[in-house]
Amino acid sequence: MNINATLIGESIAFIVFVIFCMKFVWPPIIGAIEERQKTIADGLAAGEKAEKDLELARDNIKAQLKEAKAQAAEIVDAAKKREAQLIEEAADKAKAEREKIIASGHAEIESERNRAREELRQQVAVLAVAGAEKILERSIDAAEHSDILDKLVAEL
Amino acid sequence: MAADTGSYIKHHLTNWTMCSTDSGIAFNKACTDAGFWTLHVDTLGWSIVLGLIFLLTFRSVAKKASTGVPGKLQCAVEMVVDFVDKSVKETFHGKNALIAPLSLTIFVWVLLMNAMDWVPVDWIPTVAGLIGQYGLGMDPHDVYIKSVPTTDMNMTFALSIGVFFLIIYYSIKVKGVGGFMKELTLQPFNHWAFIPVNFILESVTLIARPVSLALRLFGNLYAGELIFILIATIGLFQLPVHFLWAAFHLLVIPLQAFIFMMLTIVYLSLAHEDH
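Listed in order, the protein sequences are those of chains A and B. In this text, residue positions in the first sequence follow our numbering: the first is 1, and each later residue adds one. In this text, residue positions in the second sequence follow our numbering: the first is 1001, and each later residue adds one.
If you're looking for bench data, these hints aren't it; they were derived computationally from the structure. Think of the CB as a built atom: it goes at the ideal place given N, C-alpha and C, for glycine as much as any other residue. Check the hints yourself; a few may be wrong.
[What the hints assert, rightly or not] Beta-carbon label-pair distances, calculated as ranges:
| id | chain 1 | residue 1 | chain 2 | residue 2 | range |
| --- | --- | --- | --- | --- | --- |
| 1 | A | Gln37 | B | Leu1215 | 44 to 50 Å |
| 2 | A | Ile19 | B | Trp1123 | 30 to 36 Å |
| 3 | B | Trp1123 | A | Thr39 | 42 to 48 Å |
| 4 | A | Thr39 | B | Lys1173 | 32 to 38 Å |
| 5 | B | His1093 | A | Ile19 | 54 to 60 Å |
| 6 | A | Ile8 | B | Ala1208 | 20 to 26 Å |
| 7 | A | Gln37 | B | Trp1192 | 38 to 44 Å |
| 8 | A | Lys38 | B | Gly1179 | 24 to 30 Å |
| 9 | B | Pro1120 | A | Ile19 | 31 to 37 Å |
| 10 | B | Lys1072 | A | Ile19 | 24 to 30 Å |
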């Protein structure tokens, strides 16, 4: 056994070292470790959250895409319907127009014919008067006999 | 040869002593009768140098400790600190600002002191002998230096007595003087008639803690060192044998440091527990 004053010296050294470690070594190092651990944990949590958000956004996009597709189909359907309707309407309109044109054509033809006929009548009246003049070989006063001529014309 | 070997071993196991005599400060052989008031210069010197290496290294890291990406030294230091911190948290569940830094100091300091065991046994005494012979004109056989502080009982007892006082301090602080006395006298047999028996049993338990702490560390390292010295006496064949023994100390050295730290934590956590 060789216990001597070294024991006291070493005890003092031990106490001083422990106090130094407690004051100046341990707190900053463990503080740095814990802060970094926190940073890393926060980072991991943020990453996880971002992944979840991404998943959510993907689902959202999918739903929106589906909706958009449905809407597009609806629009196309409506457009097709409208197209058919428009064609029908146009056809109807064209038919009406055609009929109108045909009717007006008929009317014009009719009036033309009437006019021609009227002219013809006049000319026939003139011819008849001329003929009658010739037959009577004398001049008949047209004014005097116009009532008769008119009657004749009306009879034609 | 036998006498040579004996004196060689004895020389390697003798501390460099210093004492104060009537004719001033004296060393070594002049101190054989100095009794208690003798200092082991080698134990004090090596242990303080190693302690300073530990504290200054860790302090330099602590000063520039960044919470971002750590450097390599910071990583190494943080691994040690984290290891100690985990060991403390696993065993000790109270709140105490002392236990973790205490454990760190014990672990690293004891580890460094034990690690001196790996330095080949002749290196330091030979260098010291040459310095003594040519620098100070001494007989090299009178120059003693033992470089493993934990092979000196003064060192291991200084540590364990420090721990022992902390055990008593925290026992009284947490349980009060009465609570501590009750723990000493009413266990394991809770009856007034057994108080003396209990007291003897519990005192032995209490005293056995620092004694076993100190002797375990001392015994392991002293034996290891002794075997290193014995190996060094067997001639050329010592090289492979020395290598094997040094490799075995890869286990012993950290393990003894760890056991010392762990038992310190366990004892202090027991001191905090109320029965």
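Outcome of the hint check:
In this structure, A:Gln37 and B:Leu1215 break the distance hint of 44 to 50 Å, their C-beta atoms being roughly 39 Å apart. A hinted range of 30 to 36 Å for the beta carbons of A:Ile19 and B:Trp1123 is consistent with their spacing of about 33 Å. Separated by about 46 Å at the C-beta atoms, B:Trp1123 and A:Thr39 satisfy the suggested range of 42 to 48 Å. Checked against the hint of 32 to 38 Å, the C-beta distance between A:Thr39 and B:Lys1173 comes to roughly 36 Å, which is consistent with it.
Between B:His1093 and A:Ile19 the beta carbons are some 24 Å apart, a value that contradicts the proposed interval 54 to 60 Å. For the pair A:Ile8 and B:Ala1208, the supplied restraint of 20 to 26 Å holds, since their beta-carbon distance comes to about 23 Å. A hinted range of 38 to 44 Å for the beta carbons of A:Gln37 and B:Trp1192 is inconsistent with their spacing of about 52 Å. Take A:Lys38 and B:Gly1179: their Cβ atoms lie about 38 Å apart, and the range 24 to 30 Å is violated.
Judged by the Cβ atoms, the range 31 to 37 Å given for B:Pro1120 and A:Ile19 holds: they are separated by roughly 35 Å. A C-beta distance of roughly 29 Å is found between B:Lys1072 and A:Ile19, which places it inside the suggested range of 24 to 30 Å.
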